[in-house]
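Enquirer: Required output: the full structure, derived from the provided sequences and hints.
Below, each chain spelled out in residue letters.
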Amino acid sequence: MNRFRFGILFLLLAIGASAAAADTKIYKVEQRVSDFTNTLSFQEWQALEKMLKEFEDSTSNQLVVLMIPSLEGSDIEEYANKTFSENKIGQAKKNNGVLLLIAKDDHKMRIEVGPGLEGVLTDALSSQIIRNEITPQFRAGNYFAGVVSGVDAIMRATAGEYKAEQKDKAPAISGGLIFIAVIFFFTVFMPLMGGRRRYIVGSGGHRYYSGWGYGGGWPGSFGSGSSFGSGGGFGGFSGGGGFSAGGGASGSW
Amino acid sequence: MSKGWIIALSIIGGIILFFAIIVGWGVGVYNKIVTADESVKSSWGQVQNQYQRRFDLIPNLVETVKGYAKQEKEVLIGVTEARASVGQMKITPQMLNDPQAFQQFQKAQDGLGSALSRLMVVVEKYPDLKSNQNFLDLQAQLEGTENRITVARMQFNDQTQSFNTLIRRFPGSLIAGFGGFHELQYFQAVAGSEKPPQVKF
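Same order as they appear, the protein sequences are chains C and R. In terms of this note's numbering, the first sequence has 50 at position 50, counting the first letter as 1, and numbering is strictly consecutive. In terms of this note's numbering, the second sequence has 13 at position 13, counting the first letter as 1, and numbering is strictly consecutive.
Among the hints, a few may not be true.
Simulated restraints on C-beta separations [unchecked claim]: (1) R:LEU174 to C:VAL182: 50 to 60 Å; (2) R:GLU63 to C:ARG156: 23 to 33 Å; (3) R:LYS125 to C:GLY141: 22 to 32 Å.
No wet-lab data here; the hints were simulated from the structure. Glycine included, each C-beta is placed from N, C-alpha and C at the ideal position.
Expert: Encoded structure:
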């Protein structure tokens, strides 16, 4: 019966979507991996984030993992679609985003695929990844292993589709402009910043913290930002302007 | 030149300027309406694409289910018939302001949707079918398509709503009258869809 959702789907055909999802909070994705359930350890989060960052750097595909406690009664298809589009996952013209949404307490998940990747990451393949890669691990309680094998399968499916543009747009800025900017930076900006530079480093760490999950409770002081900074500086996630037409598959465990 | 001439010329100039502004404004509103109309048409194209996708998927699905659940003849025939009635119906963007054609189209598509959901309910009784990889893939495709239809219909409704608002509110309604734009149809929620269908085994 879990797979039978058409009745619910039809509910959503009303003008302007259903009220249920409008009330549910749509998370703003600030990291490629956002765990609002505090399931992943810091090391696990870091490893995943690194995987996804490298993947985006080499392919320009934006793959985002979002773990939330509950859908609060809304439909996972609609919720995933909204989260995808509001966070603009994927590059604007390629629409090459993928969202792996996991609602832990509801035991539901969905792979939402941007139209640019629907050709390689089909609904059937998304469903296979959920059924064969992720579900068995989740059933055994191995959330990290499930996410990793799911992410890995998604990467393998989508890797060949696009290539990152190697700074094609750089020549648009003339050398003269850069020179002026550098001069400006050293003469005006630097003296103004003065002692505040350490604060900037610290805020990087804070951003990591806020994106990673509420509730904290992690041993060690990651608020300092030093561990984040030395970890390679992932930088936050920012959507490239993509949207979703509703492709992908859902599953439960 | 006499003073009278100057006054007359400025009045004429003022009138010309006034009309130029009016025409410019009218052209602006007209273009806005055309743009909105085009967005409706392109989102309608998406709706049609997704319905077509579902249409194409069905024969394969029916064949696969047949292999495992022959006794569900009635349900299978229901799907095939509903598909046939959808197949005869085509809505061009020019027909979007025809309530009757639109309602017929929606009724046929919704009929197919509910026939399919009945099928997906009965297949739950067949564990062999439920563990068949081919069937699971088809099911995923069908679910994905239904979901895309939902999204496409929602976007179409949104676009149509902006278009209708534009041509019904005051300055737009004037220009729409000149340009021959008419109000377009929406998708309505299916009657009785508020509750998911009850399943009895």
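Enquirer: If you check each hint against the structure, which ones fail?
Expert: none
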